[in-house]
Amino acid sequence: MTKLEYLKESPSQTAGPYVHIGCTPNFIGNTGIFKEDLGARMMNEQTKGQRITIKGRVFDGTGTPLKDAMLEIWQADSEGLFNSPSEMRGEADPNFTGWGRQPVNLDSGEFCFETVKPGAVPFPDGRPQAPHINFWIVARGINLGLNTRMYFPEEEEANAADPVLGRVEHRVRVSTLIAKQSGDTYTFDIYIQGDNETVFFDI
Amino acid sequence: MSKPTTNAGPFFPRDRNWHPPALSPNYKTSVLRSPQKALLSLGNTISETTGPVFGHNMLGELDHDLVQNYAKPGESAQGERIIVHGHVLDEEAKPVPNALVEVWQANAGGRYRHKKDDYLAPLDPNFGGCGRVITDENGYYAFRTVRPGPYPWPNGVNDWRPSHIHFSLFGSGFAQRLITQMYFEGDPHIPLCPIVRTINDPAAIEMLVAKLDMNHCVPMDARAYRFDIVLRGRRSTMFENRMEGN
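Protein sequence lines, in the order shown, are assigned to chains A and B. Take any residue in the first sequence, note its place counting from 1, add 1181, and you have its number in the numbering used here. Take any residue in the second sequence, note its place counting from 1, add 35, and you have its number in the numbering used here.
Check each hint, because a few of them may be wrong.
Claimed, not checked - List time: in silico EDC-like cross-link candidates among lysine to aspartate or glutamate, alpha-carbon distance up to 20 Å:
no.	chain 1	residue 1	chain 2	residue 2
1	B	Lys151	A	Asp1288
2	A	Lys1236	A	Glu1378
3	B	Lys129	A	Glu1186
4	A	Lys1189	B	Asp98
5	A	Lys1216	B	Glu241
6	B	Lys150	A	Asp1288
7	B	Lys246	B	Glu220
8	A	Lys1216	B	Asp98
9	A	Lys1184	B	Asp98
10	B	Lys150	A	Asp1218
11	A	Lys1189	B	Glu241
12	A	Lys1189	B	Glu96
13	A	Lys1189	B	Asp236
14	B	Lys72	A	Glu1378
15	B	Lys151	A	Glu1350
16	B	Lys150	A	Glu1291
17	B	Lys72	A	Glu1350
18	A	Lys1216	B	Glu96
19	A	Lys1189	B	Asp100
20	A	Lys1184	B	Glu126
To be verified - Where chain B lies over chain A, by a calculated footprint (3+ residues, C-beta under 8 Å):
no.	stretch
21	1229-1236
22	1285-1295
Calculated directly from the structure, the hints in this document are not laboratory data. Each residue gets a CB set at the ideal place from its N, CA and C atoms; glycine is no exception.
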């Protein structure tokens, strides 16, 4: 008889307040172990594409910014290709990692990523997805990392046709996934709960 | 970078009843940090199935040795010397090679090297509490450290964390990302801990408890604990939906 014998995924536990010790030790002054914090730099002088800055904060249910959160982002390069071995559509820009990791500032709660604006990537059925950046948020009190996406406000037409944004049933919530733009700086505030709760994904 | 030997299809759906729920009132900090609206379930796109790869060449020679990697020359961290080792597998029990495993922990007295930790136990000048390894082609990893101490934390009046090591796992895709904690077999604090108890299923908790592994102890030096980790499995890409004609 055929049996379905799968293992279960290891259950998640909170990253706790001291995630920096393991993930960004230099950020808290624990220097001398790792030369550089992983994910701190996503690009170099040769990276192709439009340089952008993404800033924001992560708010709890009282509107207080988290001071102990860590965020990771994952995105395509300016041509819409991922710097990943499972990218089969072409070679991504070798001068762009596509992956960033930043803790929030311990006093202000603000995070900041220096990156490039991603190109569009396909949905599984071939339709284009609007340019977007995947976010993963962990902190004390978050039992399983939160997944969301940031979209670009100037991409109105692409956003309107985006198959993922199209899945958001309550249209008033779509705006929680769209950053605010000021020149090359985008602000993407994340609300864990409350009236403006960000749309989080089960991916 | 090398091309994958396994498939790169969408990940198996996460069993969110197996993971701890976002809202776990006995872990008080979760109350204001838990989404209240339903998550939007999304079959994976290429943004979720891809992920960065970390090369073995980025590792320093003591990254896997917390006993030595913050110690002054000729000295070493204080505490019970242990080796923690195991395999990173997926839900089909296949090894996950090249997985980045990052660990952090308190010292033998239960104190973290962190500017926000003011627990009265002293810092160990020879212990940083930070290490990382990348799994080999069999998904195997190993690091050496000291057993962390339990410590009190402000939740209930008298809540103590069991001895634990934090693990961050990076497999082959961004949707596989996982942070968890490893506990030690026989620790009486495990069933008392409100963070452990955010997990509802005792079988799930058991997956986080490392076992004393006498076969891998180094005589007159260090004991060994075995800790296998399971990341999400992936479907084959062969039958994924595509537009007709593609």
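Now the hints, each set against the structure:
Between the alpha carbons of Lys151(B) and Asp1288(A) the distance comes to roughly 11 Å, so the proposed pair stays at or under 20 Å and holds. With a C-alpha separation of about 18 Å, the suggested pairing of Lys1236(A) with Glu1378(A) holds against the 20 Å cut-off. This hinted pair checks out: Lys129(B) and Glu1186(A) have alpha carbons roughly 12 Å apart, not beyond 20 Å. At most 20 Å may separate the alpha-carbon atoms for a hinted pair to count; Lys1189(A) and Asp98(B) exceed this at roughly 29 Å.
Only pairs whose Cα atoms come within 20 Å are accepted, and Lys1216(A) paired with Glu241(B) is rejected, the gap being roughly 36 Å. Note on Lys150(B) and Asp1288(A): the hinted pairing holds, with a Cα-Cα distance of about 12 Å set against a maximum of 20 Å. A threshold of 20 Å between alpha carbons decides the hint, and for Lys246(B) with Glu220(B) the separation of about 5 Å falls inside it, so the pair holds. Between the alpha carbons of Lys1216(A) and Asp98(B) the distance comes to roughly 11 Å, so the proposed pair stays at or under 20 Å and holds.
For the proposed pair Lys1184(A) and Asp98(B), the alpha carbon gap of about 41 Å is over 20 Å, so the pair is violated. Between Lys150(B) and Asp1218(A) the alpha-carbon distance is near 17 Å, which keeps this suggested pair within the 20 Å criterion. Taking the CA atoms of Lys1189(A) and Glu241(B), the gap is near 11 Å; set against the 20 Å cutoff, the hint holds. As the CA atoms of Lys1189(A) and Glu96(B) are separated by approximately 33 Å, the hinted pair breaks the 20 Å bound.
Distance restraint check for Lys1189(A) and Asp236(B): the Cα-Cα separation of roughly 12 Å lies within the 20 Å cut-off, and the hinted pair is therefore satisfied. The straight-line distance between the Cα atoms of Lys72(B) and Glu1378(A) is roughly 8 Å, inside the 20 Å bound, and the hint therefore holds. About 41 Å separates the Cα atoms of Lys151(B) and Glu1350(A), which puts this hinted pair outside 20 Å; it is violated. Restraint check for Lys150(B) and Glu1291(A): the C-alpha separation of about 18 Å stays at or below 20 Å, so the hint holds.
For the hint pairing Lys72(B) with Glu1350(A), the CA-to-CA distance comes to about 12 Å; that is within 20 Å, so the pair holds. Distance restraint check for Lys1216(A) and Glu96(B): the Cα-Cα separation of roughly 12 Å lies within the 20 Å cut-off, and the hinted pair is therefore satisfied. Restraint check: the Cα-Cα separation between Lys1189(A) and Asp100(B) comes to about 29 Å, which exceeds 20 Å; the hinted pair is violated. The hinted pair formed by Lys1184(A) and Glu126(B) meets the criterion: a straight-line CA distance of about 14 Å does not exceed 20 Å.
Residues of the stretch 1229-1236 of chain A lying with their CB closer than 8 Å to a CB of chain B number 0, which falls below the three-residue condition for coverage. Taking a C-beta to C-beta cut-off of 8 Å, the stretch 1285-1295 of chain A contributes 1 residues in contact with chain B, too few for the three needed, and the coverage statement is violated.
Checked against the numbered hints listed earlier, the structure breaks hints 4, 5, 9, 12, 15, 19, 21, 22; every other hint is satisfied.
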